[in-house]
Amino acid sequence: AQSVTQLGSHVSVSEGALVLLRCNYSSSVPPYLFWYVQYPNQGLQLLLKYTSAATLVKGINGFEAEFKKSETSFHLTKPSAHMSDAAEYFCAVSDPPFNFGNEKLTFGTGTRLTIIP
Amino acid sequence: GAVVSQHPSRVICKSGTSVKIECRSLDFQATTMFWYRQFPKQSLMLMATSNEGSKATYEQGVEKDKFLINHASLTLSTLTVTSAHPEDSSFYICSARSLSGGRPEAFFGQGTRLTVV
Chain A
401 AQSVTQLGSH VSVSEGALVL LRCNYSSSVP PYLFWYVQYP NQGLQLLLKY TSAATLVKGI
461 NGFEAEFKKS ETSFHLTKPS AHMSDAAEYF CAVSDPPFNF GNEKLTFGTG TRLTIIP
Chain B
2 GAVVSQHPSR VICKSGTSVK IECRSLDFQA TTMFWYRQFP KQSLMLMATS NEGSKATYEQ
62 GVEKDKFLIN HASLTLSTLT VTSAHPEDSS FYICSARSLS GGRPEAFFGQ GTRLTVV
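Residue numbers (the numbering used here), protein chains in the order written: chain A, 401 to 517; chain B, 2 to 118.
To be clear, the hints were calculated from the coordinates, so they are not data collected in a lab.
Take the hints with a grain of salt, since some may be wrong.
[Stated by the list, open to error] If you only want the chain B side, here are some residues facing chain A, beta carbon under 8 Å, derived:
| hint | residue |
| --- | --- |
| 1 | V5 |
| 2 | H8 |
| 3 | P9 |
| 4 | F29 |
| 5 | K42 |
| 6 | L45 |
| 7 | Q111 |
[Unchecked claim] Computed Cβ-Cβ distance ranges for the label pairs, DEER-style:
| hint | chain 1 | residue 1 | chain 2 | residue 2 | range |
| --- | --- | --- | --- | --- | --- |
| 8 | B | I13 | A | R512 | 45 to 51 Å |
| 9 | B | T83 | A | R512 | 30 to 36 Å |
| 10 | B | S10 | A | G408 | 23 to 29 Å |
| 11 | B | N71 | A | S484 | 36 to 42 Å |
| 12 | A | H482 | B | L75 | 36 to 42 Å |
| 13 | A | K468 | B | N71 | 39 to 45 Å |
[Unchecked claim] Distance condition first, Cα-Cα at most 20 Å in a straight line; then the derived SDA-like pairs of lysine to any residue:
| hint | chain 1 | residue 1 | chain 2 | residue 2 |
| --- | --- | --- | --- | --- |
| 14 | B | K42 | A | T514 |
| 15 | B | K67 | B | T18 |
| 16 | B | K42 | A | Y425 |
| 17 | B | K42 | A | P440 |
| 18 | B | K42 | A | L456 |
| 19 | B | K42 | A | S480 |
| 20 | B | K42 | A | Y439 |
| 21 | B | K42 | A | Y450 |
| 22 | B | K42 | A | R422 |
Virtual Cβ for every residue (Gly too), placed ideally from N, Cα, C.
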C-alpha cells in the first residue's frame, strides 16, 4: 500500500528565505508524486507533478521538487519565500499509470506554511 | 485552470438530520467526480468515485447508504450525509476530472466543513 509522510505539520520561514517542505513516500512500484497547495477557503491546486520523467520538477509560483528514489523523498522547495506563499501544502502519491485524474491519490497530512514578514 | 465550486462551505446540522453538499464544475464537463474526507490533522481520504449517469464506487469502509452520492449531470455531483451523527463531522472535499484537451486533470472544490451537533 502507498503512503505519504509529510514531516512537520507547521513550517514558518521568513520572507525571502528558503522554503523546504518535506515529503517521503512508500510505494511498491515507482510512483507518481504530486504537490498541491490549498489557500484559505479555496480548493486544492496542483503545484507540480513527477511522472517518471525528469527528477527535478518545476511547478508554478517558483516552486520545484526533486524526486530522489534512494531517499524515497519528494521535497518541495522555493528559493525565496513570498507572503503569498502562506497556505497548506499537500504531498500525494499514486501508482502509475496516471492520467492526472486518477482517483487513487493518497495524500499526506499536509504542512501549513507561515511566512514571517 | 478549471473551476470547481463546492457548496456550502460550512454547515452545522443537528444529529439525525441529513445534509446535502453540492459539487459543480463551472466551466467544464466532468465525467468523473471524487469525494474525499479529511479529519483534523489527517490526510484526505477518498470516499467514493462517481461517474455521470452511473452508481458511485465506494472505497472500502465507506457506508454507501449513509453517504449518498448522485452524479446526475456532467457538471453536478452531490453528497448527502444521511442521519448525520457527531462522528460525521469532518471536512469534505470534492474533485472533478476534466477531459478537455485530451489530458485528464483533477480540479478540487474548496471543501465543506460539516459540524454535527
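Going through the hints against the structure:
no. : hint                         : verdict
1   : V5                           : 6 Å, holds
2   : H8                           : 12 Å, violated
3   : P9                           : 12 Å, violated
4   : F29                          : 12 Å, violated
5   : K42                          : 6 Å, holds
6   : L45                          : 4 Å, holds
7   : Q111                         : 5 Å, holds
8   : I13/B <-> R512/A: 45 to 51 Å : 24 Å, violated
9   : T83/B <-> R512/A: 30 to 36 Å : 33 Å, holds
10  : S10/B <-> G408/A: 23 to 29 Å : 27 Å, holds
11  : N71/B <-> S484/A: 36 to 42 Å : 37 Å, holds
12  : H482/A <-> L75/B: 36 to 42 Å : 37 Å, holds
13  : K468/A <-> N71/B: 39 to 45 Å : 43 Å, holds
14  : K42/B <-> T514/A             : 16 Å, holds
15  : K67/B <-> T18/B              : 11 Å, holds
16  : K42/B <-> Y425/A             : 18 Å, holds
17  : K42/B <-> P440/A             : 16 Å, holds
18  : K42/B <-> L456/A             : 29 Å, violated
19  : K42/B <-> S480/A             : 27 Å, violated
20  : K42/B <-> Y439/A             : 16 Å, holds
21  : K42/B <-> Y450/A             : 25 Å, violated
22  : K42/B <-> R422/A             : 16 Å, holds
Checked against the numbered hints given earlier, the structure breaks hints 2, 3, 4, 8, 18, 19, 21 and satisfies all the rest.
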